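A.B. asks: Starting from the known structure of chain A, fit chain B onto it as the hints suggest.
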Amino acid sequence: MLADFPFLSILTLAPLVGAVAVACIPRSRGALAKTVALGWSLAVLVLSIVMWIAYQVGGDRLQFRESYAWIPTWDARFTFAADGIALVMLMLIAVLVPVVILASWHDAEESNRSVPIYFALLLALECTMIGVFAAADVFLFYVFFEVMLVPMYFIIGSYGGPRRQYAAVKFFLYSLVGGLFMLAAVIGLWVVGGHTFDWQTLIQADIDTTTARWLFLGFFIAFAVKAPFFPFHTWLPDAGGAAPAGAAALLVGVLDKVGTFGILRYCLPLFPEASRWFAPTALILSVIGIIYAALLAVGQNDLKRLVSYTSIAHFGFIGIGIFAFTTQAGTGSVLYMVNHGLATGLLFLVVGMFVARRGSALVSDFGGAGKLLPLLAGVMFFAGLASLALPGTAPFVSEFLVLIGTFTVHKAYAVIATAGIILAAGYVLWMVQRTTQGTLNPVLAEMPSMRKDISLREKVVVAPLILLLLLLGFYPKPVTDVINPAVQATMQDVGTTDPGPTAVVNGKVAP
Amino acid sequence: MENLKLPGIDYAALSPMLILFGVACVGVLLEAVMPRRLRHPVQLTLALLATVGALIAVIVGHDKRIVTIGGAIAVDGPTLFLQGAILVLGLVSLLLIGERSVERGGAFVSQAALTVGSQKDLRQAEGQPGSTEVYPLTVFALGGMLVFVAANDLLTMFVALEVFSLPLYLLCALARRRRLLSQEAAVKYFLLGSYASAFFLFGIALIYGYAGGVQLGQVHDAVTSPQRSQVLLFGGLALVAMGLLFKAALAPFHVWTPDVYQGAPTPVTALMAACTKVAAFGALLRVLYVAFDGVRWDFQPVLGTIAVLTMLVGAVLAVTQTDMKRLLAYSSIANAGYLLVGVLALNKSGLSSTMFYLVAYGFSVLAAFGIVTLVRDADGEATHLSRWAGLGRRSPLFAGVFTFILLAFAGIPLTSGFTSKFAVFGAAVEGSQTWLVIFGVITSMLIAFPYLRVVVMMWLSEPGETTPTVSVPGVMTSAALAIGVLATLALGVVPGPLLTLTTDAAQFVR
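Chains as they are written, first to last, in our numbering: chain A, 1 to 511; chain B, 512 to 1021.
Bear in mind the hints are in silico, worked out from the structure with no lab data behind them.
Quick caveat: nothing in here was measured; it's all calculated off a predicted structure.
Any given hint might turn out to be false.
[Stated by the list, open to error] 20 Å max Cα-Cα, derived SDA-like pairs, lysine to any residue:
no.	chain 1	residue 1	chain 2	residue 2
1	A	Lys170	B	Thr831
2	B	Lys859	A	Val192
3	B	Lys859	A	Gly194
4	B	Lys859	A	Lys477
5	B	Lys859	A	Val191
6	A	Lys170	B	Pro552
7	A	Lys170	B	Phe960
8	A	Lys170	B	Thr914
9	B	Lys859	A	Asp75
10	A	Lys371	B	Arg964
11	B	Lys859	A	Thr196
12	A	Lys477	A	Ala54
13	A	Lys170	B	Met956
14	A	Lys170	B	Val674
15	A	Lys371	B	Lys859
16	A	Lys170	B	Lys859
17	A	Lys371	B	Thr831
18	A	Lys477	B	Val967
[To be verified] In silico negatives: residues of chain B with every beta carbon more than 10 Å from chain A:
no.	residue
19	Leu557
20	Leu633
21	Trp808
22	Thr945
[Claimed, not checked] Just so you have them, the derived chain B footprint on chain A, three or more residues with Cβ under 8 Å:
no.	region
23	146-158
24	186-192
25	388-396
Ideal Cβ placement from N, Cα and C applies to all residues, glycine included.
Next up, chain A with everything else stripped away, as it sits in the complex (with noise of 0.2 Å):
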């Protein structure tokens, strides 16, 4: 039968294999890199949009099961399995990595370094991500999560702009110490979980109450570091804004997905009590990013630097979602994850195409730039708009989920974020101000490069994502069917049930 198929484990391995054959072309051979990788990651999304058929809505919890040894001493397996959460992601990450590399296609030429390189490494980051949302053994998560950086510290290092090398060993160092205090919180939850790393299995075990807070403790540091979330987001500012632009879409697209996906995947059933012990601090965290990134992204005045800001806004709205606990906010991040990896994916690449053209990602350096490009302003106002959560964009739907799941139990959270509407519409609306409308700047009519209004391939590279914006805008329930059984089983996991109007989750409740 088509659900016995090992989706998982092929989608996880097929993009290595990519990766290595890709990196075999020799240097001269450019063009049949690009290709190469170009189909296959058009294959590994027909194959993802199979799994996608093959994935029973209302079936179990966790599907696609495959287990293989590994470490028999450790009990480590080879575990794969997805539920609805994981599956829409993998569905992002099947969609983004295609057309980013269609979208990335000349960015490797300009740096002089190796143009296969740059593919295989893209490809082996999806290996990664893909392996991350697929995996369902603890360790070979942690594997997951910390392998995935290597791609893409090179991808920023060698591959960036001016200051790619403190970005890269910024992102990489961040990363890393978050994911030591989760490899603590592994290594401590495997002893207490009865030396095993089998997800089904650790969610029923019995630990004691401080135990888990810490371990809790371990995870929730990296995911929030990977997310991220105030006060652990500097380093994405700097990576966002030097890595190329493909790089950065699938950074924060997918990549800042793996800690709210980690969140809802390992703190919440791991450890249900401290998570609604730490769910106030974890609250108040996302808040004070909503709004405090958002008034960092008004002030910015590099296009990629502001995008990564509103992403971290962005973040803190997935995070009051996932931590007010109900069954409409959870929905609503998960939903947010989706959207925000299009929108926010789409309006890096818009603005990689700026870039492109201008050689400069300053906004003062721009100024009347629709005269000269009119679709591609075209372009990137809609982006702006989706990712600033327009009605009849897919981001307002999720948004607004959030919004409402958080308003029945927090009231005063909900409000403040609120206000985080109404700054995003702030920082979006201006930058598309600066940049496209106004006086033309001068110096851009002199520049031959500005004049090309967008080309036939970056018009297949934007097509899908918008068209993907407004379907879900108008019509997530495909999406919401699939995500909605799986957040209602994590919040069964946490122990809160969806409130009547009235009715308070109890944050201090004693285990």
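C.D. replies: Frame of chain A, contents of chain B only:
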């Protein structure tokens, strides 16, 4: 009068050590009678054969569990595993030591007694064949290490300590280039090593006074049913431990390490970093687990503090280093700290995970120093960090290999560095030493920075005028590198078989 009875001797169990000592003696004789041009191939072959022969003897006798030769030598699981590890790592080190195609005449001086800077010295630096005494010396050192990890009484242990230390002191002084640095390293190592030996010996005397014997089993019995002053016990334990901690390069007995690692010929540094570490921790494990298990609550916090100190010193000082060999020296100090964390678990998995770590680290560090021997300019090895800038553009293969090794040192998954750290930390949590794990994790973060800095240097910087070339390695260095890298990868991806082996071997006899 009672008749003297000769103790029973199990020659089969002793055969690995006997083979090495026998061949080393033959090597010394050959040095006297063999024509100069034949010495290098013959001595190298002999040394390699001896090591392989001893390894075969270990493998053949892999299920021996016996205390023999009057209780002086214990052949048990840990002994055999560690002896095997020393021999395999020693074999790879010998490949680096015997390499003569990277530098004309090899890494060693032709006559150690030549005055530095004299005409003769300049001529030998031009490429006269290096001295061949290094091979018997190395084999003696390896033989001493085999006895060291098998010693079942403290006096045998002391003799073994001297047997493997003295050749190492000499080997350190034999560098072909930068000879003053090399001789200074040897003198420092010798002086500090002698102090450590003296402490060790004094400790034995105190223990003898306490237990009435020097066999580990007797000490164990005396510790579990104490009849004499505890002052003797703790004084003795402290002094004995000092001797061992010195060899294992644990803070605050680590200060010799950077100087010696930097000054010694790089293949010898590799030998010390890989094999000496195995031997020192092997003996430490045996002494703590077999003899002093009864006072574990007393020494655990003290040694725990030393482990934390070692990890901190290694990690923090590694950040400030500007020389590759010194950087690797501090990294080896930090790794000694992680190893001690495994030792202090004081349970079966502590024993097995420490043994696993020793092997995994040994292979990685051999590969790392192997690369260092290759990056050179007209004056020999270019070890200053700034000289490595842009190496990735010049020689992507070697820079790639070195990057992989550095990622392993940093503990990134899919390398042996990760699995071995996981093993020792897991054992320590099981042994209720969570605080050590927390410090281990924190120092892992710190030490990732210098490793990463090297990676940045190699890949993200542009090559400069002074970027040295990477020499084409000879067959033997290539083999050593390949073995080191493949082992690092294999132990990271499929650590299962070796973990099973160490778990099965983790049982001392008393």
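A.B. asks: Now, for every hint given, state plainly whether the structure supports it.
C.D. replies: Quick rundown of the hints versus the structure:
no.: 1; hint: A/Lys170 <-> B/Thr831; in the structure: holds (18 Å)
no.: 2; hint: B/Lys859 <-> A/Val192; in the structure: holds (18 Å)
no.: 3; hint: B/Lys859 <-> A/Gly194; in the structure: holds (17 Å)
no.: 4; hint: B/Lys859 <-> A/Lys477; in the structure: violated (55 Å)
no.: 5; hint: B/Lys859 <-> A/Val191; in the structure: holds (15 Å)
no.: 6; hint: A/Lys170 <-> B/Pro552; in the structure: violated (50 Å)
no.: 7; hint: A/Lys170 <-> B/Phe960; in the structure: holds (10 Å)
no.: 8; hint: A/Lys170 <-> B/Thr914; in the structure: holds (18 Å)
no.: 9; hint: B/Lys859 <-> A/Asp75; in the structure: holds (17 Å)
no.: 10; hint: A/Lys371 <-> B/Arg964; in the structure: violated (45 Å)
no.: 11; hint: B/Lys859 <-> A/Thr196; in the structure: holds (18 Å)
no.: 12; hint: A/Lys477 <-> A/Ala54; in the structure: holds (17 Å)
no.: 13; hint: A/Lys170 <-> B/Met956; in the structure: holds (12 Å)
no.: 14; hint: A/Lys170 <-> B/Val674; in the structure: violated (48 Å)
no.: 15; hint: A/Lys371 <-> B/Lys859; in the structure: violated (74 Å)
no.: 16; hint: A/Lys170 <-> B/Lys859; in the structure: violated (39 Å)
no.: 17; hint: A/Lys371 <-> B/Thr831; in the structure: violated (53 Å)
no.: 18; hint: A/Lys477 <-> B/Val967; in the structure: violated (47 Å)
no.: 19; hint: Leu557; in the structure: holds (38 Å)
no.: 20; hint: Leu633; in the structure: holds (41 Å)
no.: 21; hint: Trp808; in the structure: holds (21 Å)
no.: 22; hint: Thr945; in the structure: violated (7 Å)
no.: 23; hint: 146-158; in the structure: holds (count 7)
no.: 24; hint: 186-192; in the structure: holds (count 4)
no.: 25; hint: 388-396; in the structure: violated (count 0)
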